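S.K.: Taken in order, these protein sequences are the chains called A and B.
Counting from 0, one number per residue, gives the positions in the first sequence under numbering that gives the first Met the number 0.
Counting from 0, one number per residue, gives the positions in the second sequence under numbering that gives the first Met the number 0.
Read the hints as simulated data drawn from the structure, not as lab findings.
Computed from a predicted structure; not experimentally measured.
Yeah, the Cβ is synthetic: ideal placement off N, Cα and C, and Gly gets one too.
Incorrect hints may have been included.
Stated by the list, open to error - Quick partial rundown of chain A residues pointing at chain B, CB under 8 Å, derived from the structure:
#1 G11
#2 F19
#3 L27
#4 R29
#5 H30
#6 L32
#7 K43
#8 A48
#9 L50
#10 D52
#11 K55
#12 K59
#13 Y61
#14 C64
#15 R66
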Amino acid sequence: MVSRKLNELHPGEEGTILSFSNQGDVGLKRHLLGMGFVKGSKIKVEKVAPLGDPIKLQLKGYSICLRKDEAKNIEVES
Amino acid sequence: MDNIIVGLAGNPNVGKTTLFNQLTGLHQHVGNWPGKTVEKAEGHLNYNDARIDVIDLPGNYALSAHTMEEIVSRDFIVDENSDVIVNIIDATNLERNLYLTVQMMELGANMVIALNMNKLARKKDIYVDVEKMSDLLGVPVVEIEAIDDTGSEKLLKTVEEASKHPIKSNKKLVYGNELKEHLAELQELIKQDKNLLDVPAIWTAIKLLENDKIVTEKVQNSNNSNKILNETERLKKHLQDVFGESSEEVIANGRYSFIDGLLAESVKKPEVEKTSFSEKVDRIVTNRILGLPIFLVVMYLIFEITFTVGAPFQDLLDEGFGLLGEAVASFFGEGWFTSLIVDGIIGGVGGVLVFLPIIILMFLMISILEDTGYLARAAFVMDKVMHKLVGLHGKAFIPMILGFGCGVPGIMATRTMEHERDRLLTMMILPFMSCSARAPVYALFVAAFFTAYEGPIVFSLYILGIVVAILVAAVLKKTMFKGLSTPFVMELPSYKLPSLKGVILHTWEKVRHFIRKAGTIILLTSIIIWILSSVPMGVEYGSQESVTGQIGTAIAPIFEPIGFGEWQPAVALIFGVVAKEVVVSTFGSLFGLDEDNEDGIAGAVSKLFTPLTAYSFMVFVLLYVPCFAAIGTVKQETNSWKWPAVMFAVTTITAYIVSFIVYQGGMLLGFA
Chain A
0 MVSRKLNELH
10 PGEEGTILSF
20 SNQGDVGLKR
30 HLLGMGFVKG
40 SKIKVEKVAP
50 LGDPIKLQLK
60 GYSICLRKDE
70 AKNIEVES
Chain B
0 MDNIIVGLAG
10 NPNVGKTTLF
20 NQLTGLHQHV
30 GNWPGKTVEK
40 AEGHLNYNDA
50 RIDVIDLPGN
60 YALSAHTMEE
70 IVSRDFIVDE
80 NSDVIVNIID
90 ATNLERNLYL
100 TVQMMELGAN
110 MVIALNMNKL
120 ARKKDIYVDV
130 EKMSDLLGVP
140 VVEIEAIDDT
150 GSEKLLKTVE
160 EASKHPIKSN
170 KKLVYGNELK
180 EHLAELQELI
190 KQDKNLLDVP
200 AIWTAIKLLE
210 NDKIVTEKVQ
220 NSNNSNKILN
230 ETERLKKHLQ
240 DVFGESSEEV
250 IANGRYSFID
260 GLLAESVKKP
270 EVEKTSFSEK
280 VDRIVTNRIL
290 GLPIFLVVMY
300 LIFEITFTVG
310 APFQDLLDEG
320 FGLLGEAVAS
330 FFGEGWFTSL
340 IVDGIIGGVG
350 GVLVFLPIII
360 LMFLMISILE
370 DTGYLARAAF
380 VMDKVMHKLV
390 GLHGKAFIPM
400 ILGFGCGVPG
410 IMATRTMEHE
420 RDRLLTMMIL
430 PFMSCSARAP
440 VYALFVAAFF
450 TAYEGPIVFS
460 LYILGIVVAI
470 LVAAVLKKTM
480 FKGLSTPFVM
490 ELPSYKLPSL
500 KGVILHTWEK
510 VRHFIRKAGT
520 IILLTSIIIW
530 ILSSVPMGVE
540 YGSQESVTGQ
550 IGTAIAPIFE
560 PIGFGEWQPA
570 VALIFGVVAK
580 EVVVSTFGSL
590 FGLDEDNEDG
600 IAGAVSKLFT
610 PLTAYSFMVF
620 VLLYVPCFAA
630 IGTVKQETNS
640 WKWPAVMFAV
650 TTITAYIVSF
660 IVYQGGMLLG
670 FA
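One chain only, chain A, in its complex shape (with noise of 0.2 Å):
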């Protein structure tokens, strides 16, 4: 079990949400908790776009993207 930054895990990978620092847009960090982004949730990189940036994820049994400066506040485990 190693924790890392959401946006340091390659495509494939998968792990377990377990914290979202406060650094980066407040408002942002709102809306991702309620898309799902909580402590305990799984989530996986699936894709990063062709151009290296967004990457899109899945949780909660859907996908959504990310750009990679929005994903490395949240902490994961995996």
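Starting from the known structure of chain A, fit chain B onto it as the hints suggest.
M.R.: Chain B only, in chain A's frame:
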């Protein structure tokens, strides 16, 4: 007859609009929420003895104060005298869908749940025990398929029942023991304050812990504010100590735990989900190597179909109105009355209708892209480019591409963006994409001055437009749009077949709007320009003696520093605001030449300009005020005169500055 008001709520991409169309059919009306730029769709239907009014609320993931759409939705549930809220949820994506449901339960909404996409769920081996779920939630759950009318009878019946015997939806909602106890303490304090009793105390308590701005302000203005806010602060600290995370996170966790518990008892699903059809398609469509080429092909097709298929219809309309004008002219003979009818009214109406083919085609294309789910993938693929260059969302790319054909459908296509500020910024820089109406102006000038370099000169203008758009976006983001951050949080919905009914209804609604709103503005301005060009009585239409000619003459010196200070270009630019291609025919009529006599016009123009001033003039035409049709469309889309005015100012100032640099710089470098 009873009247039942129903609000339709749910996440985006769950079939909410499909259900709305299914229920209300053609009996619908699209407007705006009072004082907001958020779209409001209303419709009605008759059921048994009741008239049911349905209001399609914006698609939301939550009820925080995050976006205008969320505020509109929760105000509707709290304030308006709605009778029943129908919450549509996607059976294949229950966890996240129920997050909104739970928040509406906190509000104690009189609610009925419409469980959609059951067939698809069963295909994925997801089985929902509807009775159990309904029992655990304390809210009726009805299985439907929004795409056909499966379950709609039962849904309406349940709604009617709920309107007579309201459901108290928050009675079965529980958030873990620790949180429950603390919330109860806070609730007690809130309940002592009469001003705060218009909503359930639990809602206010939760929103305080979520640092909700609007609710906190409301409490601050209340009698008991000190006590309540002190207790809130104490609780926040306490929760932080106990759970090791902020109160906002504790609440989000609480909601998801409630949902997890509910789903564990009422839903059976496979341990490992099967690779879905959408995932397989995405492997190709967003592939590292194939992603970009596929995107470019799709864009090319949209552009080609919109403009190439649209062109013959546009020509047909154009010719039709031309023939009509001639017929009228031969019937009434020459004179100002004929001119009013032909140049003013027929010309104006024709100027509106000529846009219809491309608007219809564009909406068909975009609706299909949006409904199938590809639009979100296109934004995923292009986001890096748009974000790096103009600081915009990936979705801004499509309106920009359409802008090369015509700004009007481009402006309308900005609707696919969720955030209002993104939408506005995109509209403001869209006119810098060189639309097809500017091409005749370039053709005229390159034929007169740059015969050896036609291609590169025209190409340089297209590139200049893009560069200017990038620079202006950067300036606007530092000034008017200061603090605009556009996070790229976007759901990638499953691929679906678009519903024909939905696509057609959507397109029809937009076209009607365009004719009514933008059409009025285009027609009015055409008539105003006609009047100004025809008075004082007896002058030749648009000549130097007419009011337009006099205005042109008066403002001509302003253009001296950018290379063309004569009155003819100034008049041509005034007419160019009606439609850019009119610049060419204006030069023709100012020199007394037939508008089809292109060589003659080119020859006349070559006496008025030098290569340098000609280039400066083309740059000005590229960048200045887009036509009235674009201005009218911005007014229609933003529901205010502010943004058309901003667009007018931004484009004119930019055009002047860039042309100034081109002309003065060219002079310094020794060009003439």
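S.K.: Indicate, hint by hint, whether the structure satisfies it.
M.R.: Evaluation of the provided hints:
1. Evaluation of the G11 (chain A) hint against chain B yields a violated restraint, the C-beta minimum of about 12 Å exceeding 8 Å.
2. Look at F19 (chain A): its Cβ gets to within about 7 Å of chain B, closer than 8 Å, so that hint holds up.
3. With a least beta-carbon distance of about 5 Å to chain B, the hint placing L27 (chain A) at the interface is held under the 8 Å criterion.
4. The criterion of a C-beta within 8 Å of any C-beta in chain B is met by R29 (chain A), whose closest approach is roughly 6 Å, and the hint holds.
5. Here the hint on H30 (chain A) is kept, as its CB sits about 5 Å from the closest CB of chain B, short of 8 Å.
6. At a threshold of 8 Å, the smallest CB-CB gap from L32 (chain A) to chain B is about 4 Å, leaving the interface hint in force.
7. Hint status for K43 (chain A): violated, given a least beta-carbon distance of 11 Å to chain B, over 8 Å.
8. At about 6 Å, the closest approach between the beta carbon of A48 (chain A) and any beta carbon in chain B falls short of 8 Å, and the interface hint on this residue holds.
9. Proximity of L50 (chain A) to chain B holds as hinted, the smallest CB-CB distance being about 4 Å (cut-off 8 Å).
10. Annotation: interface hint on D52 (chain A) holds; nearest CB of chain B at approximately 5 Å, less than 8 Å.
11. For K55 (chain A), the interface hint holds, since its Cβ comes within 8 Å of a Cβ in chain B; the closest pair sits about 6 Å apart.
12. Nearest Cβ of chain B to the Cβ of K59 (chain A): about 4 Å, under the 8 Å cut. The hint holds.
13. For Y61 (chain A), the suggested interface contact is upheld, since its CB lies about 5 Å from the closest CB of chain B, less than 8 Å.
14. Taking 8 Å as the C-beta contact cut-off toward chain B, the hint placing C64 (chain A) at the interface holds, the least distance being around 5 Å.
15. At its closest, the beta carbon of R66 (chain A) sits 5 Å from a beta carbon of chain B; the interface hint therefore holds under the 8 Å criterion.
Violated hints, listed in ascending order, are 1 and 7; each of the other numbered hints is respected by the structure.
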